[in-house]
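Model the full assembly from the supplied sequences, consistent with the hints where possible.
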Amino acid sequence: MAEDRVHVTIDGAQTEVPKGTILWEAAKDIGVDIPIFCYHSKLGPVGVCRMCMVQVEGMPKLTTACTTTVTDGMVVHTRSPEVEKAQRGVLEFLLINHPLDCPICDRGGECPLQDQTFQYGPGISRFVERKRHFVKPVRLGPTIDLDRERCILCWRCVRFTSEVAEDNKLILVDRGSESFIGTFEAEPYVSNFSGNVIELCPVGALTSHKQRFTFRPWELQQHPSICPHCPMGCNINIDVRDAQEVIRFRSRTNEAVDDGWLCDRGRFGYDFIGSPDRLKTPLIREDGTLRPASFSAAYRLIAERLQRVAAEAGPHSIAGIASPRLSNEDLFVFRRFLRDSVGSESIDYWPRPEYSIDSGDSAALQTLDSALTSIDRIDSAALIVLIAADPSEKEPVMELRIRSALNKRSAQLVDIGIHDVPLSGKASAVLRFAPDQIDGVLRGLFLAAAREAGSEEFAGARELLDGDGPVVLLYDDSFPDIPQERRRDALLSLAYMVDNLRERRQVGVIPLLTTSNEMAARDFGVMAPNDSGSVWGEPLVDRLLSGDYRAALFWGANPVGTVAGLTEAVEALDFVAVSELRLSETAGLADVVLPASCFAEKVGTVTNTCRRVQVFSEAVPAPGMARPDWQMLVELSQRWDNPLSYASPEAILADISGSVPGYAGRLPTSYRRVGPLGVAVKGGGVEAAE
Amino acid sequence: MAQKTVLFKHLEQPEIHRLDVYRDAGGYGALRTAVNDLAPAEVTQMVKDSGLRGRGGAGFPTGMKWSFLPKEYDTSYLVCNADESEPGAFKDRELMERNPHQLIEGCLLAAYAIRARHAFIYVRGEYLAIKELLDAAIEQARQAGLVGERIFGKDWGCEVSVYRGAGAYICGEESAMLDSLEGFRGFPRLRPPFPAVRGLYGKPTVVNNVETLANVPHIVANGAEWFKSTGTEKSPGTKICSISGPVNRPGNYELEMGTPFRYLLEDCAGGMAGGKSLKAYIPGGASAPMLPGDCQDVGIDFESYPAAGSTMGSASFILFPEDCCIVFAQLRISEFFSHESCGKCTPCREGSRWLRQMVERIEEGGGREEDLPILLDVTDNMVGKCFCALGDFATSNIVASIRHFRHEYEQHIRERRCPFRPHPAAEPLLQIAGVA
Amino acid sequence: MAFLEFARGLKVTLSTMLKPPTTIQQPEERRVLPERFRGKHALHRYENNLERCIGCFLCAGACPAECIYIEAAENDPNNPVSAGERYARIYEIDELRCIFCGFCEEACPTGAITLEPVFEMSDYERGGMIFDKAILLDPPRPQAVAAET
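Note that the protein sequences, when read in sequence, are chains A, B and C. Numbered by the working numbering, the letters in the first sequence go through residues 9 to 698 in order. Numbered by the working numbering, the letters in the second sequence go through residues 789 to 1224 in order. Numbered by the working numbering, the letters in the third sequence go through residues 565 to 713 in order.
It is worth saying that the hints were derived from the structure and are not from the lab. Errors might be hidden in some of the hints.
Cβ pair distances, simulated, as ranges [stated by the list, open to error]:
(1) C:666 to A:139: 31 to 41 Å
(2) B:979 to A:280: 47 to 57 Å
(3) B:980 to A:193: 45 to 55 Å
(4) B:970 to A:261: 25 to 35 Å
(5) A:476 to B:923: 27 to 37 Å
(6) B:924 to A:433: 58 to 68 Å
(7) A:261 to B:924: 52 to 62 Å
(8) A:52 to C:644: 39 to 49 Å
For every residue, glycine included, the Cβ atom is placed at its ideal position computed from N, Cα and C.
The structure is reproduced here in structure tokens:
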């Protein structure tokens, strides 16, 4: 036995745990259930609810399992008569002023207070006095309703805002039995992470305003999935009623990705799934208006028109632009359809970084790619560097992971950017510069000449960069605050920075991409090199503007809504086909529109910003005749000489696993083997960091 | 065993609050001796040898507390607990009002012993006048070079700051006091780590009561043996006792430890007023269990009262005369603890409120036969299961009053009214408890 | 032999001929139903005319035939429909699916739903057999309304 491990006996069962383990965690590991309210593994001990009382031999009084660290030879009893009396007592205390309105409480049915009362509590109440009353419900903010009578003052929400989100929004007001949860001066509780307190609350005190009174937990079926709103790929459960209606998203803990948290954008962003304006049938333009049609008519028209264009102007005059929120399977088939069936190399995705990288600069991309690390590496970093990046805006849960690393692991943060971001307050060094100076600043941190002449502002950042221990760099390669003509330079200087740092320290980079599956779009060559030999060609959308193409396929992408002047360019094309969830601006200009199913309506995988491939599953049926994009593409390809022959998404997964560089050999060929937590692929950066 | 004047020098020299008078009487001599001739560890050893025990209530050996600090540290703090919020206690007030320099010298000596360079005196919020008085005294001492940098020209210096609380009983609990001192809301902290390891601002901290620190200059000046020569073997020294209730001369009296309560009541306080007999008394402030009035031969020290079924606590005696309703008195005590519960842990927050409601109902005539077992069972669900000792305090007098005066509760329940109404005799208690 | 058979049969006829008939002339005549007869559902109100039903879904959860459909909503505190925060905005029972087991009545925490001794339910269309609140809910008590106004 190593010195850092201790033996403990819990209810007669022996176990060996690392020194410093909290007794409750040790008991949980061997399947002994100690009831808790205030303790939460992610929040740490506070010991206020007194529910987890246990008897430790040699201690005169009962002790709380959530605040006791195990010592060697400790003998613990969790079901002794004294313990049971204490548990009954605490539950009685918690319930005397509880309104017991379980029938109308949104938590009723999945409520720890309910469950633990059934399991450990007294059957009756001896309380005949007046209950404590509060005005209720209180609208805490846009997302949360608070019922102060149900609250058992476990402080989980307060600790979440003070320790995890660090916005200190929720506080305890007043004293003693009159104390209640509130916000300072009753300001609204507005936060990126407010929804987490709903899940943390062990009673029905904090409930979702959006879902108030709309469901009961026992009606819901859970479907493991992946949040589609950013490339972080937080794991979620989609809760569905009657196999029809998406009721809510809940977090599903994946230590390697989300650490158990979810941002409000993800948690409450599900309205689009069951939206009434979803497309239900294919649409074909007849006499200037889009009218419902059959799939075979739509496919026939697309094939005829594209083949005519190909015959007249060559297949490369057909442009294919996909959305990076499509699944891996969709993107892979999209590329194969255009390349193998249509014969066009004009493929791109949108939205994407609006600059190109020449083949001469490809070393820079390779540098950044090889340093790509996994999200949980943030935890072991000694230094975290933000480079013109705002995780709070792009990938909010990343902010929580960074905060956790800074608070719990004594990492340090350097913020190099144009303006303050929410994390700037945590930075040990801040370096600000004018938008067009990024290149000089990033190189200046390392160039000897610049170092000597460097100003005072550089000193703090430079000192930290010169230190020891692993570094994680987070950057946003769309560089939204940098002038467009400087973005390529910014990326190159970033690679220069990585190269320089690597000489002395372990370096990992995490790109903050924009759209959920952008990494796969790049990996699968949906951002293909174009004829000028670039690695990242000029955005295809820009070339559409200059009239290089005769026909276009927009697969989920909607550039018309965002790019100026594109409406006229698209209208000028001979033929436009669009696959979409609803009638977007781009779809409004199309000749044929196909109804696609969204991520909650199909099986598939996505690759997150750190190249972790994760599986989502079918939670609800697609509306009307809507189909997965891969299926429509496979069906469409049957009208070409080189049809695709995938029968299921798993067959595509197997093909990806066999053919995409980096994925090959790492990605299992079945969804079951990818597993609920996903697998990391092409982990060049991960290995390099080791 | 009788009255003895050590800490209450102001009884002999009313002007001792002035720095010159205090110094003429030998004041700051102990500090000079310590700083010039003694190593910090020697001061600690001296206090340890003297057997001085904490006067705040728990009676923990003071020298031992000082020696719990880690071997190596760069910063440490001394905090003087002057948050005298216990109903019935007013001894620290007199010590600070009448002889502030004695406390300041005690603080400096303790700070020297633990190598602290900053001492804080945390006075309760209501002691505004005392804060101003202490501030003035500290300023005088600073002018005289006794507070601040390079005291007596040596390498060691210490700042003394007075901080006023905001009126919470819980802030008398040492870790809650540290929270409050740091500017947070006062909540007791999780232990371990104890304040001696991680206290104020995360640094090793010693928290001592006013009376404890006031004893230190005398010990350093006169030696441990001198201190041990008074009092009992396990509780050496003198104790300032606050006595309140219907007695002829209520107030503070300094007695040798071990003096029987009867001496305090009859010889010092002049016996019960109006010739009434003593029905019950609380020996150590509202948190100490009450004793029947015939328990008068108990010695005032840390051992005798626990043996008699109570605790000496801060030696704050609250007396109930024969015509006082025990249930009503208990209601006032329960109201105090319900009001002062910080709300951090479930049993204290909910239990103290429930106890108050039940006692109130019994007092109002709505009691039921089954209420007494429920009262006792609720206290049993609280004792030892709360986050800090305050939860236990809230139950101690419920248990004691039912044990000694069960018949009064039963009479309330049987007659469905309070047999003592109206309550003239409880008025002084109301004023003391501040809940009238 | 044949006569013996005939006589035996006639004996039954003759012995019952003078007894009163067991059939009743429904609907002119009404049969007395057992006290705990489980027929058509009814939703009840409190004395002050607030609906007892709080839309808690417990009846729907208990229903083995899954014939109860509810949508809950939040009460307007100034003009509440039910006692408490929540009420059933939509409450429908498909009486064709219902097996009249009475579990809904047992599950109800407020005594809002009961099965009444009413069995005459018919319609020309299936849709008509989905009873909503207009059919199920007791009419408001006139005196309570008068007391309010």
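- prompt: Is it true that residue 979 of chain B and residue 280 of chain A lie within 47 to 57 Å of each other by Cβ?
  reply: holds (51 Å)
- prompt: Regarding residue 970 of chain B and residue 261 of chain A, is the given constraint of 25 to 35 Å on their beta-carbon distance met?
  reply: holds (34 Å)
task: Can you let me know if the beta-carbon spacing of residue 666 of chain C and residue 139 of chain A is within 31 to 41 Å?
output: This hint holds: roughly 33 Å between Cβ atoms.
- prompt: Are residue 476 of chain A and residue 923 of chain B spaced within 27 to 37 Å by their CB atoms?
  reply: violated (49 Å)
- prompt: Honestly, do residue 261 of chain A and residue 924 of chain B meet the 52 to 62 Å range at C-beta?
  reply: Given about 59 Å between the Cβ atoms, the range holds.
- prompt: So does residue 52 of chain A sit 39 to 49 Å from residue 644 of chain C, Cβ to Cβ?
  reply: 43 Å Cβ-Cβ, so the 39 to 49 Å window holds.
Residue 433 of chain A and residue 924 of chain B - C-beta distance against the hinted 58 to 68 Å: violated (41 Å)
Cβ distance range 45 to 55 Å for residue 980 of chain B and residue 193 of chain A, holds or violated: violated (36 Å)
Going down the numbered hints, you'll see the structure goes against 3, 5, 6, while the others check out.
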